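Using the sequences and the hints given, assemble the complete structure.
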Amino acid sequence: MYARIFGFAALAACLAMPVSAAVALSDAAGSYTISPANSSIHFTIGNAGGGALDGAFARFKGTIRIDNRDVGRSQVNFTIFPESVGTGQSRIDAFLRSDAVFDAANSPEIQFRSTSVKRTGDTTALVTGRLTARGKTFPEKFTAELGGLKAGMIKFHVTGKVLRSRYGMDVGTPIYSNIVDFDMTLMGRRG
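Positions -21 to -1, 1 to 170 (mature numbering (1 follows the signal peptide of the UniProt record, and there is no 0)) are the ones given, in order, by the sequence shown.
These are computed hints drawn from the structure, not numbers from a lab. Keep in mind the model is a prediction, meaning the values are calculated, not measured. Be aware that a few hints might be false.
[Unchecked claim] Quick list of simulated restraints, FRET-style, between CB atoms:
no. : residue 1 : residue 2 : range
1   : 149       : 6         : 41 to 49 Å
2   : 149       : 70        : 13 to 21 Å
3   : 38        : 68        : 15 to 23 Å
4   : 31        : 69        : 32 to 40 Å
5   : 154       : 46        : 42 to 50 Å
6   : 169       : 69        : 35 to 43 Å
7   : 149       : 52        : 16 to 24 Å
8   : 101       : 131       : 16 to 24 Å
9   : 52        : 129       : 22 to 30 Å
[What the hints assert, rightly or not] Heads up, simulated DSBU-like pairs for lysine-lysine below, C-alpha to C-alpha not over 35 Å straight-line:
no. : residue 1 : residue 2
10  : 129       : 140
11  : 40        : 129
12  : 97        : 120
13  : 40        : 134
14  : 134       : 115
Glycine included, each C-beta is placed from N, C-alpha and C at the ideal position.
Listed below in structure tokens is the structure:
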């Protein structure tokens, strides 16, 4: 529902980010495969009564290609598997996987495909793409910040907000916010 695998989109999007002050674009250029073991996709959905619903996705995959000649031609492709959603509460996890929210049995993947990457600073970029969940596709934007490049591994911090109602996951509103906040740390291995 809230977990909106949009986080994967943000995650992939931030990997498309090119350079940082300490890393030359030519050094960051190349193709990367996201390492789920070293990455995380977290989400938060606010609650009208205070507090929030926090969760994460355990299974996802993706690739990032950083173009050193034209950052706008960089690409991010990301897939999140909604059956891997976890909140630490088994009853809520089962509800999120059900047809009321993710419908993981009939829609086993959430996909993000970038359409543009715009550099916004030395270490930041805005990644725009198409997010598909439950058979619905809409444009979404994520901000990405390059966290470093070391020994063939690149790190991005990606954030973004997604409206869950667009994807037919608006159960529980207005008690639970329609806005899903994503906070991702993505690590990619060159090669």
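Item to check | Hinted pair residue 97 and residue 120, Cα distance within 35 Å | outcome: Holds: residue 97 and residue 120 sit about 11 Å apart, inside 35 Å.
Item to check | Hint check for residue 131 and residue 101 - Cβ pair distance inside 16 to 24 Å | outcome: 22 Å Cβ-Cβ, so the 16 to 24 Å window holds.
Checklist entry - Is the gap between the beta carbons of residue 52 and residue 129 within 22 to 30 Å? => result 25 Å, holds
Next on the checklist: Please verify whether residue 40 and residue 129 have alpha carbons no more than 35 Å apart.
Outcome noted: 21 Å, holds
Item to check | Satisfaction of hint between residue 115 and residue 134, Cα-Cα up to 35 Å | outcome: Judged against 35 Å, a Cα distance of about 30 Å means the pair holds.
Checklist entry - Does the Cβ distance between residue 149 and residue 70 fall inside 13 to 21 Å? => result 20 Å, holds
Next on the checklist: Check the hint pairing residue 40 with residue 134 against an upper bound of 35 Å on the C-alpha distance.
Outcome noted: Between residue 40 and residue 134 the Cα gap is close to 15 Å, so the pair holds against 35 Å.
Checklist entry - Between residue 149 and residue 6, does the beta-carbon spacing fit 41 to 49 Å? => result 44 Å, holds
Item to check | Outcome for the supplied range 32 to 40 Å, where the beta carbon pair is residue 31 and residue 69 | outcome: Since residue 31 and residue 69 have Cβ atoms about 19 Å apart, the given range 32 to 40 Å is violated.
Item to check | CB-CB spacing for residue 69 and residue 169 relative to the 35 to 43 Å hint | outcome: At 38 Å between Cβs, range holds.
Checklist entry - Honestly, do residue 38 and residue 68 meet the 15 to 23 Å range at C-beta? => result 19 Å, holds
Checklist entry - Is 42 to 50 Å right for how far apart the beta carbons of residue 154 and residue 46 are? => result 44 Å, holds
Hint violations for this structure: numbers 4 and 7, all remaining hints satisfied.
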